[in-house]
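A.B. asks: Sequence:
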Amino acid sequence: MLETTDFLKSELKKIEVWENEQKDLWFWEKIGRLPFKLLDKITPKFIQEKIGLAIDELGNYIQTGGQYLLKEESILKKFSPKEPLPGHELLRIEDLNQVPLGKMDEVADQIKNSRTKFATIQGATTGIGGLFTLAIDVPVLLGLSLKVLQEMAICYGFDPKEKSERIFIVKCLQFSSSDIVGKKAILEELSSFQQENRNNQMISQLQGWREVVTTYRDNFGWKKLFQMIPIAGMIFGAFINRSSIGDVAEAGQMLFRKRRILERINQLEKAR
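Taken in order, the sequence shown gives residues 960 to 1231; the numbers are from the working numbering.
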């Protein structure tokens, strides 16, 4: 389908509807935040240290990409023809700027479904071990979240090797686990991301980046207490991780998609 300005604006409106629907945490999320201070008190020191390490690793990711930096080849292959013409090498991320929005959406949906299924299995597995698997589950879930957000970035032609994009990714992560006030503030911050001096602006807005992991961790809340119950731990672990990765993937897809649509609208209007 030809991507006219009218078409792109209609797709932009769909994203704006989604943004308006992010009004509040649902009931379980609200009460899930309440007892984490209690959970902290009964959590063994070595688990606390593991969670603290996850917080530090997020800082490393912002600065250098660290161990979470994704290799883009596996995503780019999904956009490449099965039998490329002679002399045509694998696509580069910048080449995706020319890919139709529909194809971007198709690959992003495939990835979202795949990662959500993986998170479900991973959550059920760690749910068997009860409270002690928080030492594994929180860092693993953080890693899965950063991975799927990087994949969403690449799907829409943005390179997570760039520091500014990693900052955007962390803001997406923060958005997915924030309350209504936080979501509104983050949307306002991201709306100015395309403007000049965006790096300095976004870095200053991320001075309290440790709060991102704290909020992300608190998102588990009392739900993780159910992991101490045999059998129930598997069920709740699977559900929690599935919903968490699903929310993160959806937020990443919508927010990166919005940027790509806005860029294309701007290009079309300039070309008039």
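Hints are computed from structural coordinates only; laboratory data are not their basis.
Keep in mind the model is a prediction, meaning the values are calculated, not measured.
Each residue gets a CB set at the ideal place from its N, CA and C atoms; glycine is no exception.
Treat the hints with caution; some may be incorrect.
Said to hold, decoys possible - Heads up, simulated DSBU-like pairs for lysine-lysine below, C-alpha to C-alpha not over 35 Å straight-line: (1) Lys1106 to Lys1120; (2) Lys968 to Lys1106; (3) Lys968 to Lys1143; (4) Lys1122 to Lys1229; (5) Lys1229 to Lys1120; (6) Lys1062 to Lys1143; (7) Lys1037 to Lys1143; (8) Lys1076 to Lys1229; (9) Lys973 to Lys1076; (10) Lys972 to Lys1036; (11) Lys1037 to Lys1229; (12) Lys1062 to Lys1122; (13) Lys973 to Lys1106; (14) Lys1229 to Lys973.
Stated by the list, open to error - Restraint ranges, calculated between C-beta atoms of paired labels, are given here: (15) Arg1231 to Gln1069: 18 to 24 Å; (16) Asp1068 to Gly1102: 28 to 34 Å; (17) Ile1194 to Ser1150: 36 to 42 Å; (18) Ala1230 to Lys1036: 30 to 36 Å.
A.B. asks: All hints, please: hold or fail.
C.D. replies: Results for each hint:
Taking the CA atoms of Lys1106 and Lys1120, the gap is about 12 Å. The hint holds against a cut of 35 Å. Straight-line distance between C-alpha atoms of Lys968 and Lys1106 comes to about 29 Å, which keeps the hinted pair within the 35 Å bound. Note on Lys968 and Lys1143: the hinted pairing holds, with a Cα-Cα distance of about 21 Å set against a maximum of 35 Å. Only pairs whose Cα atoms come within 35 Å are accepted, and Lys1122 paired with Lys1229 is accepted, the gap being roughly 28 Å.
A C-alpha spacing of about 28 Å is found between Lys1229 and Lys1120, which places the hinted pair at or below 35 Å, so the restraint holds. Of the supplied pair hints, the one linking Lys1062 and Lys1143 holds, its CA atoms being roughly 29 Å apart against a limit of 35 Å. Proposed proximity of Lys1037 and Lys1143 is supported: the alpha carbons are some 34 Å apart, at most 35 Å. The hinted pair formed by Lys1076 and Lys1229 fails the criterion: a straight-line CA distance of about 42 Å is larger than 35 Å.
Restraint check for Lys973 and Lys1076: satisfied, since their Cα atoms lie roughly 26 Å apart, inside the 35 Å limit. For a cut-off of 35 Å, the pair hint linking Lys972 to Lys1036 stands: about 30 Å separates their Cα positions. This hinted pair checks out: Lys1037 and Lys1229 have alpha carbons roughly 31 Å apart, not beyond 35 Å. A threshold of 35 Å between alpha carbons decides the hint, and for Lys1062 with Lys1122 the separation of about 26 Å falls inside it, so the pair holds.
Of the supplied pair hints, the one linking Lys973 and Lys1106 holds, its CA atoms being roughly 25 Å apart against a limit of 35 Å. Between the alpha carbons of Lys1229 and Lys973 the distance comes to roughly 23 Å, so the proposed pair stays at or under 35 Å and holds. For the pair Arg1231 and Gln1069, the supplied restraint of 18 to 24 Å is violated, since their beta-carbon distance comes to about 35 Å. The given range of 28 to 34 Å is broken by Asp1068 and Gly1102, whose C-beta atoms sit roughly 22 Å from each other.
One distance hint, 36 to 42 Å for the beta-carbon pair Ile1194 and Ser1150, holds here, with the actual separation near 39 Å. The given range of 30 to 36 Å is respected by Ala1230 and Lys1036, whose C-beta atoms sit roughly 31 Å from each other.
Hint violations for this structure: numbers 8, 15, 16, all remaining hints satisfied.
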